Amino acid sequence: MEKHTDVICPFCGTLCDDIEVHVEKGRVMEALNACKLGNAKFMSMNKKHRHLVPMVREGDGFVETTIEDAVERVARMLLDAKRPLLYGWATTECEAQSVGIELAEEVGGVVDSCASVCHGPSVLAIQDVGFPSVTLGEVKNRADLDIYWGSNPMHAHPRHMSRYSRYPRGYFRERGQQDRTVIVIDVRRTDTAGIADKFLQVSPGDDYELVNAFRTLLNDGDIPDEVAGVAKKDIEGALELMKTCQFGMLFFGVGLTMSPGKHRNIDNAISLVIDLNKYTKFSLMPMRGHYNVTGFSEVLTWQSGFPFGVDYTRGYPQYNPGETTSVELLSRGEVDAVFVVGSDPAANFPKKAVEHLAKIPSAVIEPHETPTTYLCDLKIPSAIAGIEVAGTAYRMDNVPIRVRKIMDPPAGLYSDREILKMILEKVREIKNGA
Amino acid sequence: MELEIKNGTVYDPLNKVNGDRMDILIKDGMIVKKLHGKHEVIDASGKLVMPGGVEIHSHFAGGKETAGRLLRPEDGARTVYPKRNGLRSGSGYSMPSSFTAGYLYAQMGYTMCNTPAMPPLFARHTHEELGDVPIVDKSAYPTFDGNWFVMRYLKEDDPDKLAACVAWFLRATKGLVIKLVNPGGTENWGWGKNAVGIDDPVIGFDVTPGEIIKGLAEVNERLKLPHSIHLHPNNLGKPGNIETTIETLDLGKSIKTDKGRQSIYLTHAQFHSFGGDSWKNFESKADELAKYINSCDHVVCDTGNVTLDETTTMTSDGPMEYFLHNLTHLKWVNKDVELETAPGITPFIYSRKNPVHSVQWAIGLELALLIDDPFKVLLATDHPNGGPFTRYPRIIAWLMSEPYRRYYLEERVHKGAQKGSSLATLDREYTFSDIATVTRAGQAKALGLSELKGHLGVGAHGDVAIYDINPSEIDPSNDFKAVEKGFAKTVYTIKDGEIVVRDGEIVAAPQGRTYWANPVVDHELDREMLKDVEQYFKKYYSVNLANYPVQKEYLERGREIQIDARDVK
Ligand code: SF4
Ligand SMILES: [Zn+2]
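These protein sequence lines are chains S and X, in that order. Letter by letter, the first sequence follows residues 1 to 434 in our numbering. Letter by letter, the second sequence follows residues 1 to 569 in our numbering.
Extracted from the complex, chain S is given alone in its bound form (with noise of 0.2 angstroms):
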């Protein structure tokens, strides 16, 4: 039996990297540390259903082909399309998404990722006023108050509060738990508002309301007796927490990125964690979800000055969201052919765009079957990055991390990135050849 130690599970933007794996024959057989999601994970390995090689649509069915000429169909498809989109990228390592930034450059398409469904709105709300974070250590050290707003950690990301807030002890919170406290804010009565020292039940839609409640109070001003369905009360009550703690996080999900006010209620919970820091340490961080869908908009940013929807169609980068994101692109019918890295677009974007999706060409380098690979033209099966592939990937506070590889590959299976590498090389090749 190999047993692998300090492994990085490949799941959510925890990205925990304790994990132990035992794996014999090919086969996982324990992911000790890793809680059930990222355990899930490390256990799918062992299905039976990877499909090995690319399959080609071919009227109401699949065919097998070739890599070589899957490669090619690829690189035929997005250089025939006018505005190609190049989609996904948050469940595989950087060095892929250079490799998908240079390829759409190259094509002269538009590159996106799935910020534009969940965290795109904290990104609008970054560039309007600014963002106030730390690394994640900072938290299990320092912090004594920790509000989780319109996230549920419990179920989305298991194992934040263990390594990060509610548990653990750290170097000025010796006693762990007894020195910390934890208010949940959110829609309904979740599993982690069970473990929180207070809970504000909001009413739905009224996010931005209930921020301001805060904000006003914080700066002097008087509210009603009920403000989004909290009592004033528990507002002031939860406020005076914050004024009075040594080191105040914020984190927030997409409860609150996602409902009505998106971006403007991010940047009003930007405005109230820096209205804070006048009178103690506060701070804030996004829930990320998949586990390196923070590295795609580091790289893209480093590489074009732009986080997410970036249009290269005019051979340099163009940024403007809700123009140049997939959503929009898709809805509008503005892109003629879809590349999908690393993504599920089918399972999670509105219908309209998802109905223009299955009407042109497209392709998709994915590891399992998904509502996306049934959509779509052509899938090419790949390596899973952070197990059979090593590479870097970005925590949710932008820690970068290097994901290991702790098994090969089924043979004949190529990693996202040298899949990608090929597509490149046939682009340029039959770009010079014309």
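DSBU-like, lysine-lysine: derived pairs with alpha carbons at most 35 angstroms apart:
hint, chain 1, residue 1, chain 2, residue 2
1, X, 193, S, 232
2, S, 278, X, 280
3, X, 27, X, 83
4, X, 83, S, 421
5, S, 262, X, 331
6, X, 539, S, 198
7, X, 83, S, 359
8, S, 359, S, 421
9, S, 25, X, 552
10, X, 83, S, 431
11, S, 405, X, 539
12, S, 3, S, 47
13, X, 353, S, 278
14, S, 421, X, 552
15, X, 331, S, 278
16, X, 539, X, 155
17, S, 243, X, 155
18, S, 25, S, 47
19, S, 232, X, 331
20, S, 233, X, 193
21, X, 531, X, 224
22, X, 155, X, 193
23, S, 3, X, 539
24, S, 421, X, 489
25, S, 36, X, 538
26, S, 47, S, 426
27, S, 36, X, 552
28, S, 262, S, 232
29, S, 232, S, 243
Estimated spans, in silico, between C-beta atoms of each pair:
hint, chain 1, residue 1, chain 2, residue 2, range
30, X, 520, S, 240, 52 to 58 angstroms
31, X, 84, S, 69, 28 to 34 angstroms
32, X, 407, S, 240, 55 to 61 angstroms
33, S, 204, X, 240, 49 to 55 angstroms
34, X, 352, S, 204, 48 to 54 angstroms
35, S, 433, X, 29, 31 to 37 angstroms
No lab work stands behind these hints: they were computed from the structure. It should be emphasised that the depicted structure is a prediction, and the values quoted were computed from it without experimental measurement. Cβ atoms here follow ideal geometry from the backbone N, Cα and C, with glycine treated the same way.
On the provided structure of chain S, position chain X with the ligands as indicated by the hints.
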């Protein structure tokens, strides 16, 4: 591959070549005495030839640098660089994207760039990004200002483990230089506090900024590092901070070095040369700092020129960035890093019409003109903090031309600059040799890399910049516009003997080297120290020790500078 650069007018201060007409020969990437085979010839008659430029302090790549780009799409939209000649596209006025930064530096004749504030925990990011900065050689300076191990060993008075631990961090982060940013202040910022003087307490650690600076300056020499400590002192950007600056520099007086260089490198001196006690009576104290530096030999500084542009400030000085944000109310990013440091970012609009900004502009130039020896005052804007590095040609022209400065003082900037500084009284004009010193030779020497960099003698890297300026015809004092234009783009930039820029256009974009220091201390000591590191990692870091050091995959052309420091035990 052999190359002959014929008949140029050469300025190579480290070899005392001062405008001589001579040929430079390059073989296999190095400067040589003789060529044997068939070789390419560049006719440099009537052209200015210098060693490749060396950037000693520029925030062109790293975690906060990318956060700064993300914060400001308006800066990206302001200047775009379309894809051409098979190169990569990019964007950014004050903060160009990675590929573009490499191209722009090479086009100005620079062949080495060092990014000066790398939080160790983000080293992997920095190196990943450096890999996307083409052409130039590179290095990164890890920050130690709020390092918990450093403070612990200082408190325990264990200089040996302190040295071993610094060596470990350099190795783990693949860093070249000990960088300090607002020592102690960044740790206090964890509680929203700061440390403005060298005797202020660091909360929870029982040490002072002064002890951190002195302790690490001593460690630096025990580890025989090429460069000295690279210091951004406490109290940056506050009226009256000259006192703190001088007190800080005094700490280096007693530090012995057998390297023949400074024991303290003071970066962006402009931001640390303020007088007055409010913005109302704010004034330049460049004269005081210059007097100090002229009268000692343990300090080298860079100017930190303000170029009067709209820019994006980004430093590891979190409390200072918050202070700036409160002045301007512009958007603000903070990025405290566990056990290490606390970077921050906020945009800043320097205005010609603003008296304070105008005095700041004057201070950067005063320092360059008042410090006698150009090897002690190097040219840098602390890119992008004082302004983008693309402004270097203009600063060069200011330094070479009193009329150009006078025009700015009288017509362009706020009158306050005449009252608040001595610039109007300074008639010194830099020579081409001075310019070669403050843009390459001095940097190479201060960095301790002058065997390979910053000169054109035999054994140096074949890095050469050829400018379309004819020193025997031009009068820089009056033709300042031609000087500015001439330094903006080379006719040729040669990197390791390869032509990378021709007529101002990039023609090749090879990967540069990344230098890092590996001082090897006594093995037993190293083991003992590592036990502490292991324990701290388990308890306080959010990543495991095994996942912390930067793997070799991140340095495509890594160059380890191994140093025998086994006498540290
Ligand atoms: S919390 Fe996230 S990263 Fe950690 S083990 Fe669970 S799924 Fe994996
Ligand atoms: Zn700096």
